[in-house]
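Novice: Those protein sequences? They're chains A, Z, P and W, same order as listed.
Each residue of the first sequence is one higher than the last, beginning at 0 in numbering that gives the first Met the number 0.
Each residue of the second sequence is one higher than the last, beginning at 0 in numbering that gives the first Met the number 0.
Each residue of the third sequence is one higher than the last, beginning at 0 in numbering that gives the first Met the number 0.
Each residue of the fourth sequence is one higher than the last, beginning at 0 in numbering that gives the first Met the number 0.
Read the hints as simulated data drawn from the structure, not as lab findings.
Hints may be right or wrong, so weigh each one.
The list makes no distinction among identical chains, and a pair is therefore deemed to hold if it is satisfied within one copy or across any two copies.
Simulated pairs of lysine to aspartate or glutamate, EDC-like, Cα-Cα distance not exceeding 20 Å [stated by the list, open to error]:
id, residue 1, residue 2
1, K130, E269
2, K2, E47
3, K130, E281
4, K130, D293
5, K136, E285
6, K130, E285
7, K250, E206
4 protein chains.
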Amino acid sequence: MKKMINIGLIGTGRLGSMYAEFLVQRVPQANLVAVADLIPERAKTVAEKFDIPNWYDSHRGVNCDPQVDAVVITATTSNHKEIVIDTAREGKPIFCEKPMTLSLDDAREMKQAVTTAGVFYQQGYMRRFDKGFSAVKRKIDEGVIGTPVVFRGSSRDPFLPELNYLLPENSGGQILDMAIHDFDIARWYMGDIRSIYAVGGVLAFPEVESTGDTDNVVMAFTFQSGALGEVDISRNGVYGYDIRAEVLGTKGTLKAGYLRDTPILVMTKEGVTHDVVPYFPERFCEAYVTQLNDYLNNLSNETDPLITIDDGISGLQVAVAATDSLKKGAAVNVAGY
Amino acid sequence: MKKMINIGLIGTGRLGSMYAEFLVQRVPQANLVAVADLIPERAKTVAEKFDIPNWYDSHRGVNCDPQVDAVVITATTSNHKEIVIDTAREGKPIFCEKPMTLSLDDAREMKQAVTTAGVFYQQGYMRRFDKGFSAVKRKIDEGVIGTPVVFRGSSRDPFLPELNYLLPENSGGQILDMAIHDFDIARWYMGDIRSIYAVGGVLAFPEVESTGDTDNVVMAFTFQSGALGEVDISRNGVYGYDIRAEVLGTKGTLKAGYLRDTPILVMTKEGVTHDVVPYFPERFCEAYVTQLNDYLNNLSNETDPLITIDDGISGLQVAVAATDSLKKGAAVNVAGY
Amino acid sequence: MKKMINIGLIGTGRLGSMYAEFLVQRVPQANLVAVADLIPERAKTVAEKFDIPNWYDSHRGVNCDPQVDAVVITATTSNHKEIVIDTAREGKPIFCEKPMTLSLDDAREMKQAVTTAGVFYQQGYMRRFDKGFSAVKRKIDEGVIGTPVVFRGSSRDPFLPELNYLLPENSGGQILDMAIHDFDIARWYMGDIRSIYAVGGVLAFPEVESTGDTDNVVMAFTFQSGALGEVDISRNGVYGYDIRAEVLGTKGTLKAGYLRDTPILVMTKEGVTHDVVPYFPERFCEAYVTQLNDYLNNLSNETDPLITIDDGISGLQVAVAATDSLKKGAAVNVAGY
Amino acid sequence: MKKMINIGLIGTGRLGSMYAEFLVQRVPQANLVAVADLIPERAKTVAEKFDIPNWYDSHRGVNCDPQVDAVVITATTSNHKEIVIDTAREGKPIFCEKPMTLSLDDAREMKQAVTTAGVFYQQGYMRRFDKGFSAVKRKIDEGVIGTPVVFRGSSRDPFLPELNYLLPENSGGQILDMAIHDFDIARWYMGDIRSIYAVGGVLAFPEVESTGDTDNVVMAFTFQSGALGEVDISRNGVYGYDIRAEVLGTKGTLKAGYLRDTPILVMTKEGVTHDVVPYFPERFCEAYVTQLNDYLNNLSNETDPLITIDDGISGLQVAVAATDSLKKGAAVNVAGY
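Taking the hints into account, I'd like the entire structure generated from these sequences.
Specialist: Structural data, given as structure tokens:
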């Protein structure tokens, strides 16, 4: 068996507790030895549930825990900057959930700290570890569709998060919260994005008006290569969690994504029906597990991460540019951000 | 049986000869009595093939033929203006293929002539008569998806037309040639379009450069209602004729379109495969026939057309605006055109 | 244009009037000059609807009409024998709908009359002219699935016919009425059938008990080649008209059939839904038209029919054997019938 | 956290090592403390790989290990009888993989031992724990399709096992080896099976002749309720692991099964293609894990198993009857076995 790595997990909210379970049960090389959360009860509950020796009410507890070999960050995005910088200073390897942070200045500071400390940093974007999205990448690289010329992405959530979450200071706005995944996949498949135009509005949930955010946005963009892209994001995918990507090339097209959860068809006088994927844990459970295993493999084998801190910054840059385009009502150059 | 209507068909190229066959074999109320084409051999060949009594080398022949009760125009787009104006002056009902014409000034002159003459005018857009696209409209009207908020359309042709056809003076450019269908469907489902942004390029067929046209374009737009839209068009749908539309509403989503031609699945070690719809005659044959039957029903029953001359002008206006946006690299207001 | 052939149509019930419409509107080479029906009003109505010059109250009227070049028989099955024998004696080419007749003795008499008269006879089985079923045949012949080893067929009707129709003397029983199509397709793909076992019952519609017929039957059989087959037939395909065939070979499998009528997907909180093919006219309309065109082509070109009188007899023989197996509760050899 | 249960695993071949991994990593309540295999190296390798304290070269080692609370049997089928009887005598709860054993006499002896000892016995049939197959059961129970009247099952393996495995004394023959799953699902959905008819042959792999086994079998059967069934099994599902079930009822039909492994569609000039599920570990991994969790839950909560020893016997009885029908070429009554 491979050498076990002692993990400290920072942030034990909804996603953090899922990660705790994955680290304990599905990542053979991981030994989850410490968890931290600003809400101490959350950290304690998770620690007890999974027999984790130590829990703390601050990321510093995990950082300073001498047992901890490597850190996984699933805290609130607005705290990523401080946690990453502190962890880097402690010289511990970092896995940080998306989005990296909410502002480009912060992101650049984080990179500086990571570079100065010389620590390993892996940016989280689980879609790249999904069987479907990674098969598309492989087929592109194999030349199955010739030269890719158009990217199309959709991200639709089945329900509105709490309004508080939508405040730009918490989520960074809908584009940064949702489309950053599509931008990362788009960049992975087709390279950097040059210019972008976004239009959006509050079209489905009037209560979103009060937050200053949108609930639907469509975007058209160009890649550095001249290739073209489109992404639409929506809070009202009320029929199910619908995440798609398509790449049209000169010799064919590739489509990733599916809606069906249970492999059963119901046929009655009302028609032919199947169910849908309810939400992200059902859709991307395997991808999260694969991503965590990949992080530990990289640490063991001293291999580079698939997604670097620069990928984190570049995805954020596109999201910031698109958000600005939305405000200005005009196309913008991504390089200017 | 209903009263027969004597039809004169102007334009007997590829689409015109298909129409001749439909009028003879699939439109019970139609009696095709005359055809015209600027290339007389084409008119003659069609006339002989279908036992049509009269053929002419100019639309004026059809217009002046006293037997002709109503006219169907499938001539080259650049000749639509002259033919429509002349036919209107002869007081004959008009069915005119899309696009109506290549410039908004021409379109407005055509409307003037039609209005002055008080003749019936039906704009051709066969997609509205397709089982799939019309089922989407019906479901929207029934409220199945609540309020529509995002429209997504794709039009992909399986191969490049002759370069000569791509010259802006012939086709009006890729947007006008292809996306005008998507705009018509978008307007039908969700009302008028307010602003539009287009980006495109020559990405698949370098030879298109010489024509000044594009081979791929993506567009993001807003409707008057505030709803959002996206359309992508491509000349390199090399895998098959791929025409789709999706409408996301507050309660669900509707998708029209399909790729499968033959209802057979082939499963071997290479995977599970099915074929695709080769091109528009296979995909929209029934829709063309339904549209022609609808035209004759409207004439018999003195009912208004589903698609008016104003729909022709409005679709063209969006296409002209989008083409201008493509040139300017900026979003434009449709009303300014 | 090809030489027109004057057709006399015998039987103008539900299917017969569909055929009248097809012959008038979709079979360019056909000139429908006479119709006959034992219910004279039916013949008259069809004649008036389609401007057919002559109508008769007996097949003899059509047979003796000197204008009639060729006959199409869509009369009640129990009258096929008399009509075919009489038509053969008049020396006119025959297209006869399935099933050929209800008893093997009758079928053999019919063959004798046709052979003696030396007239052209084409057995109707429209499935062979369906795009899907014929694509399967083509793929088998191309070797795509290696050697075919298992055939699976399903025929499910969306509702129960009138009870009177179910009486064995009218329909020949459920197997003869429904599975004869599956047997014909099975034989086409894989050769003659050697032995068969059938079990069935009245499982969905208690009122069928009174007729002595079944409403569901499943059958397992062997081909002469040693290959295996299964067919299930049902009167309670209440969800839609569901006709399928699958051929498993040594290198893959082929599946024909589909349920979707309109190319639209509806996605709401209730799941993802599409509609179904309602009944045979929607499913096989094109196949009927193709079959009629094929008949006329065979007459013009003096080519042999795809489906011969021997195919009619062989399919019937399997159906008779299966019906006997159902009664006996034991497997039977087809050759013994 | 729930009380942990110490598990002893007997049999560490292909399936047994999968089970070891599941018990260690995916079944939170399980504590795998001992493994046994007649090939000691296999037991040792698995023990070392998963840090399992004890390993033995015989099931008796596990049975007598005082640490072991409960047993999981994944040994060769021909050893099931001895292992189950010995384990029952030790008074330990038993989970036993399918098929229970190869002869009905043995099965009845096993039941006697289990009953006498009063130990818990859960028969393994992972399909009942699959999301798709269990959703079908739920929908039937909810009345979605009315009364079930026809069952259709298919089990197709993507390649031939080693010839040695096919010898009747090892696998019990193809029906017992493969169709026993279909019979269990059929019985779960629709009750006991009354009579059965099987035909089969060596159609794809001539080398199977030497074993006396078949490579393809089709079966038609009746349930006690009068309902009907069909199952086909094949060793030449060379295109992928294809496991399906369909239940036709008086109000609709339900279909379980799927072929697609990766959610990606590839569309090129060659058509639209997707991949397939390669084999059972990919298809039923989740079902195995769910089944093992269910076993431990039953032990903790003292609940009855979903699949009892009588289900094990009844499924075997149908398989034995079908195998006999295959030999005799005649339908047989299941009760007579």
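Novice: For each hint, tell me whether it holds in the structure or not.
Specialist: Outcome of the hint check:
Taking the closest pair of Cα atoms, K130 and E269 come within 20 Å of each other only across two copies (18 Å); inside a single copy the shortest separation is 33 Å, beyond that limit. Taking the shortest Cα distances, K2 and E47 sit within 20 Å of each other only across copies (14 Å), while inside one copy they are farther apart (25 Å). Taking the closest pair of Cα atoms, K130 and E281 come within 20 Å of each other both inside a single copy (14 Å) and across two copies (13 Å). For the identical chains of this complex, K130 and D293 are intra-copy neighbours only, at 14 Å inside a copy versus 28 Å across copies, given an alpha-carbon limit of 20 Å.
With identical chains, the CA atoms of K136 and E285 are at most 20 Å apart within one copy only, with a shortest distance of 18 Å there and 26 Å across copies. Taking the closest pair of Cα atoms, K130 and E285 come within 20 Å of each other both inside a single copy (8 Å) and across two copies (16 Å). In the homo-oligomer, the alpha carbons of K250 and E206 lie at most 20 Å apart only across protomers (16 Å), although the nearest pairing inside one protomer, at 45 Å, exceeds that limit.
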